[in-house]
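Asks: Mapping of the sequence shown onto this note's numbering: position 32 corresponds to residue 32, and the numbering continues sequentially without gaps.
Just so you know, these hints were derived from the structure itself, not from any lab. Don't take every hint at face value.
Ranges between beta-carbon positions, derived for each pair [as the list claims (entries may be wrong)]:
1. Leu63 x Thr165: 21 to 29 angstroms
2. Lys174 x Pro70: 30 to 38 angstroms
3. Arg143 x Thr165: 27 to 35 angstroms
4. Leu63 x Glu158: 32 to 40 angstroms
Below, a list of computed lysine to any residue pairs in the SDA-like style, where the Cα atoms sit at most 20 angstroms apart [said to hold, decoys possible]:
5. Lys167 x Ser83
6. Lys174 x Gly122
7. Lys167 x Ile43
8. Lys174 x Ala164
9. Lys167 x Lys61
10. Lys61 x Phe51
11. Lys61 x Val79
12. Lys174 x Asn96
By construction, the Cβ of each residue, glycine as well, lies at the ideal position given by its N, Cα and C atoms.
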Amino acid sequence: MRARRYEIMEENLLPCTRHEEHQLLPLRRKPMDAEDIIAGCLIAGAVILIFVLPVVVIIQKLLCMDYSTPPPPEISVVVNGFSGLDGAARVPRAFNLSLSVDNPGGNRLEVCVGGEATVLYGGVPLATGLVEDHCVPPDGAWRGTIHAASGGVGLPAELAALMATEKRAGGDVKL
1 MRARRYEIME ENLLPCTRHE EHQLLPLRRK PMDAEDIIAG CLIAGAVILI FVLPVVVIIQ
61 KLLCMDYSTP PPPEISVVVN GFSGLDGAAR VPRAFNLSLS VDNPGGNRLE VCVGGEATVL
121 YGGVPLATGL VEDHCVPPDG AWRGTIHAAS GGVGLPAELA ALMATEKRAG GDVKL
């Protein structure tokens with residue numbers, strides 16, 4: 001029965017392989033010509049375009065992205081004028097201040113100011129004033145004024161004397 005099975009299998013084989021001896025022949029290579037070189041270059045170029053170039057572009061975009069934080073808003077106050085800094089302990093003090101808010105382009109949020117401003121000297125409040133409520137959009141700037149007054153509230157004698165000495169020495173009082 002087994003012999004019959006093998007005979008049927010052998011009959012189903014292709015005629016060219018049925019009775020041939022299997023013999024390995026040495027592989028003969030033909031010399032490369034210009035067509036083979038061009039075909040190889042085209043295949044290599046296609047591989048680079050399809051697989052390598054997109055990876056390089058993605059890596060370049062990741063490396064060149066700006067991961068820095070946007071610049072913070074710049075808020076500054078300048079004293080434009082004052083009164084009552086002559087060193088007396090119970091003199092009403094007043095200050096005219098300019099408030100500037102610059103919101104640079106990197107910041108995508110609006111910056112809002114408002115509330116109360118306090119002028120300090122040596123950590124002691126000299127005057128207070130209201131700051132107008134205002135919001136500055138990205139890439140925007142705003143300038144406002146603040147009038148701060150003490151209402152006649154006095155200073156400790158030592159602090160008033162220190163302020164008078166500082167004013168005489170350099171002309172500037174560090175508020």
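Asks: Now look at each hint and say whether the structure bears it out.
Replies: Taking the hints in turn, this is what the structure says about them:
1. Leu63 x Thr165: 21 to 29 angstroms: Hint violated: Cβ distance 58 angstroms, outside 21 to 29 angstroms.
2. Lys174 x Pro70: 30 to 38 angstroms: 31 angstroms, holds
3. Arg143 x Thr165: 27 to 35 angstroms: 34 angstroms, holds
4. Leu63 x Glu158: 32 to 40 angstroms: At roughly 60 angstroms between Cβ atoms, Glu158 and Leu63 fall outside 32 to 40 angstroms, so the hint is violated.
5. Lys167 x Ser83: Status holds; Cα separation ~13 angstroms.
6. Lys174 x Gly122: 8 angstroms, holds
7. Lys167 x Ile43: Violated, at roughly 83 angstroms.
8. Lys174 x Ala164: 12 angstroms, holds
9. Lys167 x Lys61: Violated. Lys167 to Lys61 sits at ~57 angstroms, over the 20 angstroms cutoff.
10. Lys61 x Phe51: 16 angstroms, holds
11. Lys61 x Val79: At roughly 47 angstroms apart (the allowed maximum being 20 angstroms), Val79 and Lys61 break the hint.
12. Lys174 x Asn96: 15 angstroms, holds
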